[in-house]
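K.L.:
Residue strings, one per chain:
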Amino acid sequence: MSGTSSAKLELTGVSKSFMRDRKRHPVLDRLSLRVGEGEFVTLIGPSGSGKSTLFRLIGGVELPDEGSIRIDGKETTGERGHISYMPQQASLFPWLSVAANIGSALTTAGIRADEAKRLASEWLGKIGLGDVAREYPHVLSGGMQQRVSFLRALLMPRAVMCLDEPFAALDALTRAEMQAWLLRLWEEERRSVLFVTHSIEEALTLSDRIYVLSRAPARILKEIRVPFSRPRREDVWKEPEFVGLKQEVLELLGEGAGASRG
Amino acid sequence: MAFDVKPYVLPSPWTIASYMGENASRLWDQMWFTLRLALKGMGLGVAIGILAALLFHLIPGVRAALSPIIIITQNIPTIALGPLLIVWFGFGLMPKLILLVLVCFFPVAWSMLAGLGQAAPHLREYLSMIGASRWEILRRLELPASLPSFFTGLKLTATYGVTAAIVAEWLGSSEGIGHYIVLKSKGYDTVGVFSAIVCIVALALAFYGAAALLERLVIRWRPSASGGKGGRSE
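These protein sequence lines are chains H and Z, in that order. Take 9 as the starting number for the first sequence in the numbering used here and just add one per residue. Take 158 as the starting number for the second sequence in the numbering used here and just add one per residue.
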């Protein structure tokens with residue numbers, strides 16, 4: 009493991025619970041994790057394991073009950089504006105053109121308006137969406153909308169990119185295409201990414217490291233270092249080791265479910 | 158004869174048309190006066206409506222405190238309020254403007270307020286997550302999202318505003334279509350009254366049309382009803 013100094017994102021002992029019907033429902037249980045410089049880290053866990061809550065804590069939208077969150081070496085618990093974010097729904101603004109959607113997010117991150125505009129159109133061209141830059145988002149397909157949403161997150165000059173199940177709403181074919189696309193683009197840019205998914209294959213194909221979470225209250229069941237080399241092939245799933253790892257994660261997720269029931 | 162309608166009860170359209178032709182310049186002057194009054198009142202009413210919506214939206218306590226009073230102002234009939242305003246403020250422009258503002262600000266304020274609160278939650282969440290300020294959330298999300306509701310309110314206001322201007326003139330004015338109606342009805346000049354009605358309808362339609370046109374020019378991002386190209390793949 010690399011030293012603490014190069015950690016872009018570091019969570020230490022983060023716990024969070026919610027009150028519902030006057031009862032305390034713990035969601036996160038002393039969670040610690042880190043994302044290194046240029047590292048692609050994935051959280052995988054059963055649904056309802058508090059991954060979205062974890063993102064809200066990292067984004068500073070909510071405060072943890074205990075524990076600390078450090079981004080780029082600085083204590084940022086409860087502070088907003090340190091991450092870029094790609095949600096499950098593309099979340100493009102319907103009244104802004106595709107280019108303006110990217111541009112306006114960049115100005116929120118402190119980039120000057122003319123520079124933001126230039127960056128948006130330059131990169132839209134680069135990813136082959138130059139001819140829809142001036143269209144409204146509703147003319148784009150779901151997959152294209154997610155490309156714009158990813159580009160918007162990629163271009164924000166923030167220490168960590170948080171991707172919250174970005175491909176969950178896509179059909180299987182588009183999803184595979186998007187994974188390959190993201191893999192290529194990410195390997196060129198090498199940003200620090202925290203990625204959440206339900207799909208074990210997706211996690212193994214994209215990540216450097218995987219944290220397997222238990223059912224709520226979420227703890228880290230295991231940290232898995234993905235051994236496949238970079239640049240990674242899209243058909244890495246054909247490797248025998250891939251199947252072994254998939255089996256291991258599946259068993260962990262099964263155990264985690266069993267443990268919390270017992 | 159089954160329909161023995163006397164011309165002074167219901168004049169024929171032709172009679173009205175020729176009357177309007179003969180009195181075109183007088184009617185036009187009256188209409189112009191009413192148009193200006195309605196425009197001033199609506200402009201002020203819409204501006205106050207927008208400000209009220211923003212104030213209520215941004216400061217939740219204000220809404221709870223003031224909305225009962227505002228609802229009450231909407232429940233007092235203009236026909237009762239008008240004479241009082243004239244007693245308080247005289248026969249000048251002021252009481253008419255107040256009456257118009259009271260009628261015009263409400264549809265705009267209430268529909269826009271609803272629109273501001275109904276911005277898509279996932280877009281709100283996105284902006285929070287990237288650290289957008291309260292001001293940015295208002296400007297980037299809530300204001301554009303409230304525009305369709307705002308225009309619904311504006312179209313209501315455009316219709317009510319003309320009627321309110323007529324009532325204001327009726328109550329205390331020496332000019333305008335409202336004044337003209339009083340004059341003609343007191344003289345049992347049914348043709349004159351109908352001519353005035355035609356003018357009012359034309360004015361109201363023009364205001365509504367202008368509001369609808371403005372809506373079309375401002376809100377251009379909505380997918381066309383015919384389907385357009387592509388769309389969201391499910």
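One or more hints might be untrue.
Using C-beta positions, here's what the derived DEER-type ranges look like [claimed, not checked]:
hint: 1; chain 1: H; residue 1: G81; chain 2: Z; residue 2: G218; range: 33 to 43 angstroms
hint: 2; chain 1: H; residue 1: V147; chain 2: Z; residue 2: P217; range: 34 to 44 angstroms
hint: 3; chain 1: Z; residue 1: P217; chain 2: H; residue 2: E259; range: 17 to 27 angstroms
hint: 4; chain 1: Z; residue 1: N232; chain 2: H; residue 2: P165; range: 50 to 60 angstroms
hint: 5; chain 1: H; residue 1: G133; chain 2: Z; residue 2: W185; range: 53 to 63 angstroms
If you're looking for bench data, these hints aren't it; they were derived computationally from the structure. Quick reminder that beta carbons are idealized off the backbone N, C-alpha and C, glycines included.
K.L.:
If a hint holds in the structure, say so; if it does not, say that too.
P.N.:
Taking the hints in turn, this is what the structure says about them:
1. A hinted range of 33 to 43 angstroms holds for the C-beta pair G81(H) and G218(Z), which are about 41 angstroms apart.
2. Here the CB-CB span from V147(H) to P217(Z) is close to 37 angstroms, well matched to the stated 34 to 44 angstroms.
3. For the pair P217(Z) and E259(H), the beta carbons lie near 50 angstroms from each other, so the given range of 17 to 27 angstroms is not met.
4. A hinted range of 50 to 60 angstroms for the beta carbons of N232(Z) and P165(H) is consistent with their spacing of about 55 angstroms.
5. A beta carbon spacing of about 57 angstroms between G133(H) and W185(Z) agrees with the range 53 to 63 angstroms that was offered as a hint.
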